[in-house]
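Using the sequences and the hints given, assemble the complete structure.
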Amino acid sequence: MYQRDRLNSELSFFQKIKEIDYTLLICIILLSIISLLVMYSTDGGEVLYHTKSHFSKLVVFFPLMILIAFFNIRHWHTFGYIFYFLIILLLFYVSFFGLKASGSQRWMDLYLFVLQPSELMKIAVILCLAKYYHRIKIENVNTFTSITLVLSIILVPIILVISQPDLGTSVLIALSGLIILWLGGVKIKYFVYSFITFLISLPFIISFLKPYQKLRILTFLDPDRDPLGAGYQIIQSKIAIGSGGLEGKGFLKGTQSYLDFLPEKHTDFIFTLFSEEFGFIGSVGLLILYTIIIFRIIRIGALSRSNFSKLFCFGFAFSIFIYIVVNLSMVLGLLPIVGSPLPIMSYGGSSMLATMIGFGIVLSAKINRKQTIA
Amino acid sequence: MIKENSAIRKSDVINRRMFIIGAAKIVVFAGIVARLFSLQINENKKYLTLSDKNRIREWKLPPTRGNIVDYFGNIIAGNLKVYQLHIIPEQVENFNYLLLRLKTLLNLSDKKIQKITKLKNQLKPWDSIIVSENLSWSQFLKVNNYLYDLVGAKPVMTISRNYPFSEMYTHVLGYVSQPNEEEILENEIVKERFVPGMKIGKLGLEKTLEKQLIGTNAIQRYEVNAYGKRINQLEYQKGLQGKKIRLTVDTEVQKLSAQLLLNKAGSISVMDIYTGDIIAMYSSPSYDPNLFLFGISQDEWQLIRNNPLKPLINKTLSGLYSPGSTIKPIVALSALENNIVNPNFKVKCTGKTELYGQTFHCWKEKGHGFVSLKNAMKQSCDTYFYEVARLLGVDRLNVTAKKFGLGEKVLGEYFDNEKSGLFPNTNWKRNNLGRGWVLGETLITGIGQGYIQTTPLQLCLMTAQIANGGYKIKPKIIVNDDPLSLENAKTAMELQSLQTPNTKLFNDPKNIKIVQEAMFSSTNEQFGTSYRSRIDDPKYQFAGKTGTAQVKRISKRERELDLKLEQIPYKDRDHALYVAYGPYKNPRYALSIIVEHGGSGSKAAAPMAKELFKLIIDRDELRDKQSNFENINI
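Residue numbers (this note's numbering), protein chains in the order written: chain A, 1 to 374; chain B, 1 to 634.
Source of the hints: derived by calculation from the structure; they are not laboratory data.
There may be inaccurate statements among the hints.
Taking lysine-lysine and the DSS-like style, the derived pairs with C-alpha atoms no more than 27 Å apart in a straight line are [to be verified]: (1) K191/B to K243/B; (2) K25/B to K187/A; (3) K253/A to K229/B; (4) K504/B to K472/B.
The following block contains the structure:
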């Protein structure tokens, strides 16, 4: 008991600073700088709207991350369910009163910036499920009630997000949730069975898809069937990346993006621009940076004493991994186009906010790695 | 403690399962790196090419046509700077407003506006539409003044064909104009080089020499963005001007020809009798080819088309005429060559001759009395030639006429509107008309009437070949690489006749001499038909033969009336012809003149020869000096 008390005793401010994971922090700072440079390039080599906006978001969210890190992980454990329900409320709010843009309704105007609650849900679902599996007895994990409960925790936001409609984000929320289920000890055979069921029901799912979503899948299978329409993005993206070569065309010299051949170059296709200008070497370098971040987070999870920290770190690491894989596969033409940003790199406040909150909690877990949570 | 245990067990599960995923992550990342490698390293070249194709777009500019110059290096078809107004649709903000502004600025017609709108829908947004091909300087200034209000309009300075001697050379050069769809598809070169605003030859040498004249496009390479907007120019590749072509024609002679035929329908051709160089070739009336450059207006076109003197017909090459008495030198030569007559053979002309109950009239009602060959030629006695033709027969006459180039195209490879004419024989009539030859037809063929049809250029060539002593020459209008001097041309001609016997057109040079002398007397001796047009100065003295071709049969009543020219309706008047060569002592040039419905050859055509010979022979020396092509700087 004494030991636990000693471990759980609050650290002083300087101890906290000492305990921060500087490797992770440096990697995040490095990534932020790269993202700013790339944003500067998308603006055509000038400090224009996107660069300024991205910079101001970094300026706000980076201290927010540090602030979160300085709170004890216990508080984030306490906050888990509330955060989840708060985001659910926001999702309901946007489905009624949200801003509409290009055919979907997924934003809310907060005067300072436009918030996309579905992005925050990616974190909220991890936080919520991490708390759930932290608290449940391992014997009860595979009971019917437990599984029903966790599935509904995942399904409610997914349904809300799909109805916006936003297939990409809902898939990412689902994957983030499922990974916690996996880590939490849900029987492997359940995963196998449901995967088989999913494959069998795939044709039915496809028949429920919206025409534009079907088109995306068809386009993915053969981008040349409509090179100026649906296939345009993926063809131009492949041209940009492929023409980058080993060393790239050089900073600010990417013709594909500079001449506006790349659509969505600020957001989902930011990697394409990066890869065109910095080539294979730069791309692999960026990938290594992400890998370091992911494994650093996993390491923090592994060092953590509480299962909540472990579950959150592992779940968050996996989520980042999934975001990267889905985004890169999309721009490299390996997956159909689903809207999914590249963490930190892509322009977009909500995605960055979610990621920074995640990093903050991870850093907090590192600082309080010896903390046990009842 | 149970709770503790559970937490530790749970932690084990979490760590174990994380390890499985961690391994999977590495595999997936490796897959992504592999994909990057394949795109950026393996297929780099392919995507680089695609990227360049994306961003670089070429604009072709109209090629500059080669100049055409006369023998002395004067430009007769050149290029002129013109001011144009183009619209680039992608740069236009408000198309209707722009058109409205331009309409008031340049007084465009509603039809033109419709045409522009139609073009806009057909062309790609970055292709320029030509609003006006030829702005006047004041219009150009006006447009430039209001340019701030004309977003998307672009004043352009470009080069366009120009014919400085306007109508002088139309029937030689033809003209250029916008190609139609068919012409673009037909001609590989035109198809390859076509850009809006390019013009191609529609007629004459401009058409037949298209491949040499057209030149190559200048190319502008621009970097464009995804919307096709030009960002910056990467390269400007200069085009090559088309080949310069030098013709054998002499503008001064051509000008005189035009002046002589002013307000008349007819043709004048002048030829070098040794080299075959065509020195002048004018068909009257002519029209201004510059009118066609930017699209001829309906009114102007109707004016040309409805002119009763038929300016659109190239009379020198495609006008078919009965040669009339101008054929007589060939008839005489043929008879001499075939030993039908000798110079002393005489026929008594009573003004008419009867054959099978049909009367054949001599032009002189009272008759010429006893005439020899020389006198018959001199006074153009028809009766004599009826008799000679009867003795000779049309088939033997046909052989001689063919040798001298009658019935076949002279410059066929350069002018697709040239006609070959016709010199009949018995076979021809049987094959084409299905009836047998009648002796009476031989008689009228002997005086150049009947089925026989010749072009003025054929008559000129015929005369030239009599003048040069009976050698075949190849007429040409384009200067070869190495023009020959007079002496060299003469020797080359004679040398060639030894090598290829069929270029020698006679058996006995004496016969040619007799015909030449007869033609001399026709012009230079009293009672000769063109005696009044003679020049006594031996420097200019020429020999010729008049001809008067009936365009309709003269009825008995008309013959008795003996109407004056002015009393006969224009359409029924005879064509006046004249063929001649000179200087007689040392011949160099041959010419043929035809004045449609001009009356008699001696009155209407022969006087023109006098003027022409004076000028041609005066310019003879000058012409010889110009024979070396390198000396000409243009």
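Checked hints:
| no. | hint | in the structure |
| --- | --- | --- |
| 1 | K191/B to K243/B | holds, 19 Å |
| 2 | K25/B to K187/A | holds, 21 Å |
| 3 | K253/A to K229/B | holds, 18 Å |
| 4 | K504/B to K472/B | holds, 6 Å |
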